[in-house]
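Novice: Please build the complete structure, drawing on both the sequences and the hints.
1381 is the number of the first residue of the sequence shown in the numbering used here; add one for each residue after it.
Misleading hints may appear alongside valid ones.
To be verified - Under the rule of at most 30 Å between Cα atoms (straight-line distance), these lysine-lysine pairs were calculated in the DSBU-like manner:
id: 1; residue 1: K1434; residue 2: K1446
id: 2; residue 1: K1453; residue 2: K1511
id: 3; residue 1: K1446; residue 2: K1511
id: 4; residue 1: K1547; residue 2: K1434
id: 5; residue 1: K1430; residue 2: K1547
id: 6; residue 1: K1547; residue 2: K1511
id: 7; residue 1: K1430; residue 2: K1520
id: 8; residue 1: K1434; residue 2: K1511
id: 9; residue 1: K1453; residue 2: K1547
id: 10; residue 1: K1520; residue 2: K1434
id: 11; residue 1: K1446; residue 2: K1430
id: 12; residue 1: K1434; residue 2: K1453
id: 13; residue 1: K1520; residue 2: K1453
In short, the hints are calculated from the structure, not lab data.
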Amino acid sequence: MASADRVVIIGSGHAGVSVAAGLRTRGFSGRIVLVDGEPGLPYERPPLSKELLKPGAPDGATPLRKESYFEGKDIERIAGATAVSIDRARGMVALSDGREVGYSRLVLATGSRPRLLSVPGADLPGLFTLKTFEDGRALKQVLAPGARVVIVGAGYIGLEVAAAAAKLGCDTTILEFQDRIMSRVTSEPVSRFFEQVHRANGVRISFGTAVTALGGDGRVEFVATADGTRYPADVVVAGIGVVPNQDLAEAAGLECSDGVLVDDAGRTSAEGIYAAGDATRFASLFDGASQRLECIQNAQSQADRIAADITGQEPGEPGVPWFWTVQHGVRLQTAGVRHPDDETVVRGEPATGRFSVVYLRDGRISAVDTIGGLSDFNPGKRLVAERATLDAALVADPGTPLADSAVPALAPSR
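Specialist: The following block contains the structure:
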């Protein structure tokens, strides 16, 4: 394949598909090649730990775009082949099926992969991770009533699987090394609220628990921990985070550090090569902090900036990162990125099941969590985008609209 005016995109998740779509929307008339390591159409991943595991849920992936979209936009798709190496000097990508694809610009949207348990017995059948549709379908088949399910890790994925397993009638236990659930992404009031929600639905949770081994005769039968406890298990799910897929970039000599390093336009350290999505590390457009975000909003925002840079246009305004999870029917929605040392202000009573938590950094709002309701979500998201300074006392009063807690900016002195 000749490479004149061709953009090759490695990866067909939200980031990769959004780059392809953004290029066409912005008038790019060259060739676009989308390389997908999985067969079939690119699909939504959030439902894998949510809707797919529900009783009676359709046993099929939700496509990101229909086949007719790719055909109508003249986006070439190579499905079922992975990129194995990049030849920067020749502008070529070698694929696992033996083909080479030439590029004038290359976009790495390689995503992330589940972090694996590194303990004895981690190769036993019965241990699951959740990243692909096939992972989700395989897990769904073993979540039968009465099955003993042990989940290692209390992040979003682990907790969503725990909620689904409990709903399906499984005997469900969560093992978490930290002292509370979702400790990486939220504050203690939110963690404790969701802990009680899980316990009320029959899920057992053990904190400060280090897994040391999996055991069994031919397949998983128990999980052993550092305190000598053995937890009987028919199914074990590892939800201990993800690792960015940066191997391809590293082998090609691109700068990486727990993610492929990119600038505000999605450019990597190599001329003509971009990266977007879960695989990237970059400086926050809001506070300059180095970060790697695993969310659809970030993937789409980076994709827009890449499409703008390739076409020589201005990108849209950067969006505020936002995240969500649903556990036992209770929705947590977050806008912004909280830091552990941010001031935590609770709005409303957690006991009611509907409250918000606002995070302040040097008086400015950095993030907001909304639980069981969304009345503060959009106002909070706007305030984060504005980097607004808030009056903490007004924030704490649920009777005061969140937008009214902003401190008016002082006029410059003459």
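Novice: Is the straight-line distance between the alpha-carbon of K1446 and that of K1511 30 Å or less?
Specialist: Holds. K1446 to K1511 sits at ~21 Å (cutoff 30 Å).
Novice: Can the restraint linking K1453 and K1511 be considered satisfied, given a maximum Cα separation of 30 Å?
Specialist: Within the cut-off at roughly 28 Å; holds.
Novice: Hint check: K1434 vs K1511, CA-CA at most 30 Å. Holds or violated?
Specialist: It holds: about 17 Å lies between the C-alpha atoms, which stays within 30 Å.
Novice: Do the alpha carbons of K1430 and K1520 lie within 30 Å of each other, as the hint requires?
Specialist: Status holds; Cα separation ~11 Å.
Novice: So if I understand the rule, the pair passes when the alpha-carbon distance is 30 Å or less; does K1446 with K1430 pass?
Specialist: Holds - the C-alpha atoms of K1430 and K1446 are around 22 Å apart, at most 30 Å.
Novice: Please verify whether K1434 and K1446 have alpha carbons no more than 30 Å apart.
Specialist: Cα-Cα ~24 Å, so holds.
Novice: Could you grab the alpha-carbon distance between K1453 and K1547 and see if it respects the 30 Å cut-off?
Specialist: Not OK: K1453 and K1547 at ~42 Å, beyond 30 Å, violated.
Novice: Given the hint that K1547 pairs with K1511, does the C-alpha gap stay at or below 30 Å?
Specialist: 21 Å, holds
Novice: Sort out whether K1453 lies within 30 Å of K1434, counting only the CA atoms.
Specialist: Violated, at roughly 34 Å.
Novice: Does K1520 pair with K1434 here, judged by a C-alpha cut-off of 30 Å?
Specialist: The hint holds at about 9 Å.
Novice: Keeping to a limit of 30 Å between CA atoms, is the pair of K1520 and K1453 held or broken?
Specialist: Not OK: K1520 and K1453 at ~35 Å, beyond 30 Å, violated.
Novice: Taking only the CA atoms, is the gap from K1547 to K1434 under or equal to 30 Å?
Specialist: 8 Å, holds
The structure shown violates the earlier hints numbered 9, 12 and 13.
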